[in-house]
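Chemist: Can you make the complete structure from the sequences, with help from the hints?
Listed in order, the protein sequences are those of chains F and Z.
Take the first sequence: its letter number 158 is residue 158 in our numbering, and every next letter is one higher.
Take the second sequence: its letter number 43 is residue 43 in our numbering, and every next letter is one higher.
Honestly, I wouldn't trust all of these hints.
[What the hints assert, rightly or not] A few chain F residues that face chain Z, going by a derived Cβ cut-off under 8 Å, partial list only: (1) D50; (2) S138; (3) R375; (4) E377; (5) R443.
These are computed hints drawn from the structure, not numbers from a lab.
Quick reminder that beta carbons are idealized off the backbone N, C-alpha and C, glycines included.
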Amino acid sequence: MTSGAEKVVIVGAGPAGIRAAEMLVSAGVKPVVIDEGMKAGGQIYRRPPDGFTRSPRELYGTEADKAVALHMLFDRMVADGLVDYYPQSSVLACANPSLYALTPSGRREFGYDRLILATGATDRLAPVPGWQSPGVYSLGATQIALKAQGVALGQRIVLAGSGPLLTLVATQLLKAGAEIAAVLDTSSFWTQMAGLPGMLARPGLVLRGLLMRAKLGRLYHPGVKNMGIDADERGPVSIRWQDAHGAMRASECDMVGIGWHLRAETQLASLAGCQFDYDTGWAQWLPRTDRMGRAAEGVYLAGDGLRILGADGAEVAGRIAANACLSDMGLAAPDSSADLRRLARYERFARGMARAFPWPADMVRKTPDDTVVCRCEGITAGQLRDGVDFGGGEANRVKSLVRVGMGRCQGRYCQLAGAELIAAKAGISVFDAGRLREQAPVRPAPIGAWVRDA
Amino acid sequence: MKPHPRTGRIVRLSETARPRVHFHLDGSPCEALLGDTVLTAILSSSDRLRQSEFGPERRAGFCLMGACQDCWIWQVDGGRLRACSTLVTDGMRLLTEAPAGWPL
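Modeler: Written out as structure tokens, the structure is:
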């Protein structure tokens, strides 16, 4: 035993968390792995509950082998007692050197000497008029419903936004037999071309994307503007949109899935003491680390919670962060130089992708005053702009005044749009509008469950 | 309590041979399949999970990955659960509004 008594905790059991655990285990360290999922895999390699029978090929398509390899690796480590695994457990707070989590058996404190955060990402959302209606979901939700439950969230579906998930989810739904009315991409054909040189760092993926796009045929529309969801009490009835030639059109539907690529999930990273920089390419605040993922004393980051590189990049980043952790513990760690080169190539591709399918900053800045920006509490763009007039162009100030970012999602789905609106109103850059300070608990906790075990 | 429209928003595309599960939604008996999340189970029979506290609209979940917190609903015993990340079980008694008399 060379690891001494140092305790390593990994948060998240997606591709990054699983590979980080693997590296630690092979160096003789037994990590604690805390994960919100019922089974390890994360979101993109999410597994259905017991009793479902579709094959990995049906669930994960071309990525089936990678998904199965990760699932088997992690299950084997758990079965062999090599990791201490806590599924269905939410870390709510982090106060160095402890995490405070809600597990199925109640509240639990996890002390750590070193912390690897592999918390992944969520959809990055921009407000669309009417998006607070029931029956409007994120693109990620649309995919999770299909993959983990075998269902479509509506009879007649419109998918809108931009990014790799838009095309992927559309083709998966079509293949499964769902009815899609339209796929609306806010990125224009020429914008997509501008991202192509970077994306050619992974030519196989570009080809696969183009083939998927071809399958969508005339359902797919690039360069869409001025979307608005018309809804009745039950939910969407249609979505209005302006096509690339400027004509207004409408698509009847009872479900809309929206999303603009991904947003790093960074709440715990912030509570653990990480610093952040606004990344103009990915149009969001991302944690500052060295190239091995070291973010603060004894804190390491990996996966989409650090850089939006997707599942392949997350596996590599998970290994790298674990290696940094091992070498800081004084243990022998494998050489990371090949992984670092691989990661650099993935990043060229991912930055090309971010350029091809950008955050719709102009659309967000022009959000009509009566459009809801904060879904949690129904706060409109107009109220947010009034807050800027009253208190100035700083995100945390505006949050205190009008509560954008204070609701149950804790700003996950309004922060980036809010910053854009504040910047436009105050005539400043979006990074000068500032980043919301995270507060624990990062997810709501039933007070009974919390108090009972105190 | 208003009766629910017996039309859900969920369309089952596959995996429909799973055993059935019975639960109550606002007092009415409903049926789902073993392995359904509470969200899938409810939205198979109904078009909503709850009423928004801040606006006129109903809510039916949003992210399905435990991040947005839109889908917390009530149980008859007063406890709450996140519908997207909890599996439905036989005999669950679920509510789309707070139980009568809450807060106690």
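Chemist: None of the hints should be skipped; say for each whether it holds.
Modeler: Status of each hint after checking the structure:
1. D50: Result: holds, 7 Å to nearest chain Z Cβ.
2. S138: holds, 5 Å
3. R375: With a minimum Cβ separation of about 7 Å from chain Z (threshold 8 Å), the hint on R375 of chain F holds.
4. E377: At about 4 Å, which falls below the 8 Å cut-off, the nearest Cβ of chain Z leaves the hint on E377 of chain F intact, so it holds.
5. R443: Holds, about 7 Å.
When each numbered hint is compared with the structure, no violation occurs for any of them.
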